[in-house]
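Counting from 1, one number per residue, gives the positions in the sequence shown under our numbering.
The reader is advised that the hints may include incorrect statements.
[Unchecked claim] Using 20 angstroms as the maximum straight-line C-alpha spacing, the simulated SDA-like pairs for lysine to any residue come out as follows:
{"id": "1", "residue 1": "Lys13", "residue 2": "Ser98"}
{"id": "2", "residue 1": "Lys15", "residue 2": "Arg50"}
{"id": "3", "residue 1": "Lys11", "residue 2": "Tyr100"}
{"id": "4", "residue 1": "Lys15", "residue 2": "Trp44"}
{"id": "5", "residue 1": "Lys15", "residue 2": "Gln39"}
{"id": "6", "residue 1": "Lys13", "residue 2": "Trp44"}
None of these hints come from the bench; they were simulated from the model.
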Amino acid sequence: MSTVVHPQPEKVKPKLAVVYPWHSPFFFTAAHDNMVNLQHPEGWDMRFFRGVGWCPATRHNTGCQKALEWGADLICIIGSDQVHPEDMLVRLVARVMSGYEIVSALVPCRGYVSWQPMKPFEPMAWRFKPNPPNDSRVR
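Modelling step: build the complete structure from the supplied sequences, incorporating the hints.
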């Protein structure tokens, strides 16, 4: 009696797209070196997409469109003139996998605005976790 072994279908990895909106042909060396060294989340396919266009909104949109055309399950938009923690993408994926639908960390302003209580480049972050079914309370 012979045993037939059927190949198992290959498990499809989720896709993480990293969008960097940047129009100039020149790139900041520190940002480039940092992006090359960003840790890849285990079990995820990862690809970088450059957003181009005449304004920041267009650059964000074209980068996200490229990511969606690739089939991205998750999109992270990073600044092309900034240096990010090397474990940032690993932490982002961990947050999403723990139930957060949207994770955002921003540097809201580069300059000092006298009436705002924050200093320049102070980080600001949001995490949105969905409410349980039939729970419409704002949290």
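Tested hints:
no. : hint           : result
1   : Lys13 / Ser98  : holds (17 angstroms)
2   : Lys15 / Arg50  : holds (16 angstroms)
3   : Lys11 / Tyr100 : violated (23 angstroms)
4   : Lys15 / Trp44  : holds (6 angstroms)
5   : Lys15 / Gln39  : holds (15 angstroms)
6   : Lys13 / Trp44  : holds (5 angstroms)
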